[in-house]
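Chemist: Spelled out, the chains give:
Number of protein chains: 6
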Amino acid sequence: MTRLHVINPNTARAMTETIGRRARAVAGPHTRIEAITPASGPASIESHYDDALAAVGVLAEITAAPHADAYVIACFGDPGLHAARELAAGPVVGIAEAAMHTATLLGRTFSVVTTLARTAPHTRDLAEQYGFARALAGVHATGIAVLDLHHPPARRQIFDACAAALDRDGSDVLVLGCAGMADLADDLAEGLSVPVVEGVGAAVKLAEGLVGLGLRTGKRHEYAPPPPKPVTGLLAPYSLN
Amino acid sequence: MTRLHVINPNTARAMTETIGRRARAVAGPHTRIEAITPASGPASIESHYDDALAAVGVLAEITAAPHADAYVIACFGDPGLHAARELAAGPVVGIAEAAMHTATLLGRTFSVVTTLARTAPHTRDLAEQYGFARALAGVHATGIAVLDLHHPPARRQIFDACAAALDRDGSDVLVLGCAGMADLADDLAEGLSVPVVEGVGAAVKLAEGLVGLGLRTGKRHEYAPPPPKPVTGLLAPYSLN
Amino acid sequence: MTRLHVINPNTARAMTETIGRRARAVAGPHTRIEAITPASGPASIESHYDDALAAVGVLAEITAAPHADAYVIACFGDPGLHAARELAAGPVVGIAEAAMHTATLLGRTFSVVTTLARTAPHTRDLAEQYGFARALAGVHATGIAVLDLHHPPARRQIFDACAAALDRDGSDVLVLGCAGMADLADDLAEGLSVPVVEGVGAAVKLAEGLVGLGLRTGKRHEYAPPPPKPVTGLLAPYSLN
Amino acid sequence: MTRLHVINPNTARAMTETIGRRARAVAGPHTRIEAITPASGPASIESHYDDALAAVGVLAEITAAPHADAYVIACFGDPGLHAARELAAGPVVGIAEAAMHTATLLGRTFSVVTTLARTAPHTRDLAEQYGFARALAGVHATGIAVLDLHHPPARRQIFDACAAALDRDGSDVLVLGCAGMADLADDLAEGLSVPVVEGVGAAVKLAEGLVGLGLRTGKRHEYAPPPPKPVTGLLAPYSLN
Amino acid sequence: MTRLHVINPNTARAMTETIGRRARAVAGPHTRIEAITPASGPASIESHYDDALAAVGVLAEITAAPHADAYVIACFGDPGLHAARELAAGPVVGIAEAAMHTATLLGRTFSVVTTLARTAPHTRDLAEQYGFARALAGVHATGIAVLDLHHPPARRQIFDACAAALDRDGSDVLVLGCAGMADLADDLAEGLSVPVVEGVGAAVKLAEGLVGLGLRTGKRHEYAPPPPKPVTGLLAPYSLN
Amino acid sequence: MTRLHVINPNTARAMTETIGRRARAVAGPHTRIEAITPASGPASIESHYDDALAAVGVLAEITAAPHADAYVIACFGDPGLHAARELAAGPVVGIAEAAMHTATLLGRTFSVVTTLARTAPHTRDLAEQYGFARALAGVHATGIAVLDLHHPPARRQIFDACAAALDRDGSDVLVLGCAGMADLADDLAEGLSVPVVEGVGAAVKLAEGLVGLGLRTGKRHEYAPPPPKPVTGLLAPYSLN
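Residue numbers (my numbering), protein chains in the order written: chain A, 482 to 722; chain B, 482 to 722; chain C, 482 to 722; chain D, 482 to 722; chain E, 482 to 722; chain F, 482 to 722.
For the record, the hints were derived by calculation from the structure and aren't laboratory data. Be aware that one or more of the hints could be misleading.
Note that the list lumps identical chains together, so a pair holds whenever it fits in one copy or between two copies.
[As the list claims (entries may be wrong)] Heads up, simulated DMTMM-like pairs for lysine to aspartate or glutamate below, C-alpha to C-alpha not over 20 angstroms straight-line: (1) Lys700 - Asp606; (2) Lys700 - Asp667; (3) Lys700 - Asp650; (4) Lys700 - Asp648; (5) Lys700 - Asp668.
Work out the full structure, taking the sequences as your base and the hints as a guide.
Modeler: So, in structure tokens, the structure goes:
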């Protein structure tokens with residue numbers, strides 16, 4: 482049995498449920514999904530500020546449950562990914578990372594459709610860092626706030642934004658740029674006749690694959706456990722020893 | 482049941498067996514691996530010339546069995562990958578591609594240990610094309626010919642080359658640059674205390690993941706089925722209609 | 482006397498004639514052009530599948546006539562270029578490569594006008610590999626199939642596509658992205674008042690230049706002759722020894 | 482009078498003093514330096530984990546004093562830089578960023594000498610993100626922990642590491658890769674006869690320059706103030722409204 | 482007292498005055514600005530030809546006054562920058578360089594608005610060389626010749642071009658791509674509500690910063706004083722010894 | 482008859498003779514080589530300062546003889562190349578450019594062996610600008626001054642440096658990084674058993690090729706004739722009208 486911790490970095494329980502549902506829908510029969518809402522964090526993640534706070538919330542959940550077989554960080558900004566790799570023995574996969582890896586197995590270029598325009602530079606940074614700058618054909622904002630994604634009119638807007646993005650970019654694959662869109666992938670794929678990749682499912686399958694191969698994060702250098710040291714003030718509970 | 486065709490692009494049946502064994506060892510319980518030796522092709526792949534011939538051999542095997550759920554091209558040069566994506570409805574994964582995607586989920590940089598030095602530029606080309614040029618810390622040749630990899634002294638040489646490569650490159654992950662090394666991954670990982678990625682296993686898990694997510698190659702542009710047309714001369718059997 | 486083998490990688494004799502005519506028109510007085518239609522191959526090259534088949538057809542023509550002074554591969558996808566460099570003692574020039582090198586001697590950026598949109602990613606890959614990614618301002622498809630290029634209305638469409646491409650890209654030079662357009666260069670240049678580079682002529686002059694300098698492919702590593710080995714099945718005639 | 486808040490992202494008061502001393506030494510006569518130790522954070526920053534915690538500590542200090550003319554984040558990992566730009570009206574400069582900008586005004590390439598080897602990939606990421614990947618000739622670790630930098634033997638080791646780095650990289654400029662080295666710049670420059678850039682001084686001068694020009698962070702897109710929203714749990718004090 | 486030589490590389494005295502005014506307006510109280518019109522050079526700089534001539538004019542002004550604390554080359558093409566670094570003991574800053582460094586401290590991407598379209602490739606070359614290719618969102622020509630920038634209708638045209646550039650590029654910061662626009666920065670910033678960076682001011686502050694830190698050009702390799710040697714003909718006065 | 486002006490940008494007549502000899506040795510029977518020593522310029526080119534002076538000397542020679550069929554700038558720094566393209570109707574080829582284009586037709590990577598180490602960054606800049614950054618495996622200085630290249634012991638040193646460069650870089654092709662080495666190519670090629678490319682010959686053949694194809698510099702944008710304007714002072718003879 483593979484225990485896979487899927488951490489929603491924001492504190493919106495409804496989104497954790499969406500994420501958990503999607504993760505369970507795609508997981509193999511021997512995978513147990515634990516969908517986790519962090520004890521602390523922002524209600525949604527729409528800025529670098531939110532991202533910084535969320536990273537810290539994610540790390541607490543890894544320290545609190547250090548023996549999962551693998552971890553998924555279920556926000557498209559991959560908050561705390563590098564630090565999580567230091568903390569966890571098992572592999573850690575971010576959903577932006579997962580979606581981009583998966584998309585590039587299906588086509589030469591992909592378009593990302595996301596929530597607010599202000600997050601696009603962060604998406605481009607991640608693509609650059611992961612090696613997918615050339616594959617990323619465009620980032621397209623719907624202007625819908627994360628917590629409004631479940632409103633019925635949002636669905637239509639997202640569909641239209643996806644169609645327009647594919648048209649404009651001439652890309653092969655569509656990537657959904659927010660964990661809150663996880664339950665839209667199948668409907669969109671049908672309507673758009675391109676592969677639609679959403680990161681939660683992609684990350685679950687990549688994590689299962691790594692566990693199946695017995696692979697864990699390389700710990701020789703950058704991702705060795707962090708040197709233990711005191712942390713003071715509000716964050717004192719984060720002290721490691 | 483997922484039917485996964487793992488095509489060894491060379492015609493060495495012993496290597497097809499090694500590949501098939503590894504593929505079955507890592508495959509999930511609902512995956513049926515078909516390990517295929519092509520009807521035509523070079524005995525091993527150690528040059529661009531071999532690669533060009535092998536590509537054609539691989540394509541025949543896809544046309545001959547067009548209804549598999551997914552395909553793996555099990556040579557580290559990924560011969561025929563783009564053309565295979567045109568032909569096949571289901572996803573196609575090359576083992577160089579798979580190994581590089583997998584390695585970059587486990588560490589920032591990886592070193593490739595391979596057979597002959599003359600293949601290194603092709604590996605670098607693939608890394609560049611797939612987006613992993615920055616992650617590829619080095620390509621290291623053992624000087625062992627593909628069909629000599631199973632000789633007992635070769636094992637020792639490969640181990641030493643891997644240790645030296647990690648040392649020199651300061652990399653996080655080791656990638657085995659030949660399908661003929663597929664059965665060495667576990668032993669090497671133990672001895673080297675870094676993650677060791679070999680492409681056959683990596684490709685099987687990625688292919689299973691794509692099938693599990695219901696994802697197929699994007700067919701809007703580059704990877705649409707090839708326009709049917711006559712082929713004359715020796716290759717006449719390759720005519721499509 | 483320089484013997485220059487100009488290989489049309491497809492089997493359309495009419496196109497070989499167009500190519501040969503253009504090659505002879507630009508060749509120096511001491512160059513003898515041999516325009517070659519391969520014994521086997523696809524009728525035209527419009528997909529990765531066609532490209533893979535064509536590569537094999539090209540290689541047979543090099544093995545069959547190993548003592549030419551230089552070789553030109555006259556399809557804009559440069560099929561089999563790296564393998565041809567292994568086989569041939571003399572230099573080998575692809576027409577995409579030649580056109581891009583030539584264009585960048587005449588201006589900072591160039592636009593490519595080609596046949597089908599599906600080939601554009603391959604052109605971008607070549608530009609990336611040869612170093613001209615920054616110089617390539619755009620790839621523009623006319624939607625005309627290769628074998629329809631000689632239809633009279635095609636000429637008009639190509640002219641319009643070229644004018645639109647220059648306009649949109651603001652580029653300095655136009656590159657014709659198909660050997661079948663070889664006879665259009667002069668007319669287009671006159672009408673468009675930019676340099677128009679077509680690859681057959683460009684490759685002939687580059688090949689003559691290399692021969693004139695006594696330069697041949699570097700054979701120390703990647704391009705050493707391919708290791709001889711048996712090839713089985715349909716491709717058995719490709720065995721080297 | 483320009484009020485410049487120089488935030489030491491770790492909680493080592495001795496390091497805040499070193500930083501403050503250096504900042505005051507280089508600041509103009511009309512600049513008032515406020516050297517700040519955050520209320521919460523790790524004792525030193527030597528991992529992605531420390532970096533994530535420190536970012537949050539830095540952000541609190543900006544929210545607590547939102548009316549400074551400019552801010553410096555005085556850790557070579559630039560923790561929280563993007564989020565700080567969202568929060569602050571005035572410009573924010575990180576010391577890695579500042580050192581790299583400054584070094585590239587003085588020479589074509591620079592070498593970074595830092596503390597622990599595990600931080601080198603983060604430095605490379607920053608160089609890549611800021612545009613200085615080509616200028617960064619090498620990152621060299623001394624193996625000295627941040628809080629041991631003030632031990633007398635450390636000085637010798639750092640000097641030797643700097644000399645070796647310049648030798649190996651053939652670079653024009655040396656960059657000190659830790660705020661704790663801020664007081665070493667002048668001594669090293671004298672001994673090494675190359676420009677030695679340390680980030681605290683560099684950032685103070687860049688920040689003064691921006692203030693002098695009346696320039697502030699662009700707020701149209703990415704760096705607009707973060708959308709206010711509740712933060713729950715331990716981080717609840719970070720709620721904005 | 483810091484003596485800062487601000488060299489206008491063209492010979493239009495009115496432009497030297499504009500440049501000098503701007504330099505003095507932003508300079509610190511202890512900086513003395515010497516605004517210099519070269520003894521020889523073109524009336525304005527709008528081509529590579531002008532740039533080559535201007536470079537030589539700039540170099541004479543450095544040789545003529547070798548003891549300034551720092552130098553600014555006040556033309557957006559940075560003519561003669563590398564050679565000036567060889568000649569001068571003190572630091573040398575070009576205004577294109579300065580503007581790009583400054584812009585990237587204020588936002589992720591910037592747009593350049595300039596005079597004639599023909600200079601855009603040179604701006605892109607500089608951005609590539611300095612590391613800001615990814616940050617440069619676009620170069621936009623107004624079509625106004627350098628010496629017409631002070632005509633009243635030009636102001637309106639420039640404002641409109643800036644607004645259109647920001648709109649099209651979605652960038653965070655505006656950069657004025659000609660020293661002749663130095664006096665427009667404040668008005669434009671007010672009207673456009675983005676940071677507007679003009680290079681003269683930016684260069685003055687960077688130069689003051691370098692002097693304040695005691696930093697000079699690295700002289701170990703590329704920027705060592707040029708080997709003395711005879712120069713013959715018209716340029717004989719340029720002989721060094 | 483093709484009239485090809487080969488301009489030696491320095492004023493050393495002995496070097497002009499070496500260059501002219503090489504140019505004539507490789508030129509076709511219908512090419513007339515005019516080897517030109519500029520009326521003004523530095524005795525040799527070993528710095529950015531020399532390069533700036535030489536550029537101006539080169540441009541005078543183009544203005545003085547505007548009706549050649551093509552021009553070669555015979556210094557490995559390609560001084561004045563972009564400006565020369567503006568001035569000349571016919572194509573202009575620099576020898577660094579020519580050597581790099583030619584080398585990449587013969588192998589994947591090349592090593593440059595040059596005179597003084599201080600020029601290496603300029604060579605890297607050119608490679609970056611022309612698209613050959615990835616192909617450039619290394620730049621290796623012999624430490625021999627340009628005007629000492631003809632001393633007998635220099636030959637041995639150069640040979641040894643070339644052998645060491647090939648060894649260290651593992652490259653396919655050797656490029657001689659100074660016009661003064663033009664007469665060494667054949668001897669070195671024999672001794673080193675790799676293709677040895679020297680730029681004078683390479684540029685002559687590229688220029689002949691362009692002329693043979695009827696191709697000239699694109700003049701729509703960047704390379705249109707420079708706007709005429711007064712030049713004052715020493716450079717007054719450079720005024721265009």
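Chemist: Is it within a copy, between copies, both, or neither that the alpha carbon of Lys700 lies no farther than 20 angstroms from that of Asp648?
Modeler: Classified as between; 14 angstroms across copies, 43 angstroms inside a copy.
Chemist: At most 20 angstroms between alpha carbons: which applies to Lys700 and Asp668, within, between, both or neither?
Modeler: Close across copies (18 angstroms), not inside one copy (40 angstroms); limit 20 angstroms.
Chemist: Tell me, please, which holds for Lys700 and Asp606 at an alpha-carbon limit of 20 angstroms: within, between, both or neither?
Modeler: between (24 angstroms within a copy, 19 angstroms between copies)
Chemist: From the Cα coordinates, with 20 angstroms as the cut-off, is the pair Lys700 and Asp650 best called within, between, both, or neither?
Modeler: between (39 angstroms within a copy, 15 angstroms between copies)
Chemist: Treating 20 angstroms as the Cα threshold, decide for Lys700 and Asp667: within, between, both or neither.
Modeler: between (37 angstroms within a copy, 17 angstroms between copies)
Figure legend: structure checked against the earlier numbered hints; every hint is met.
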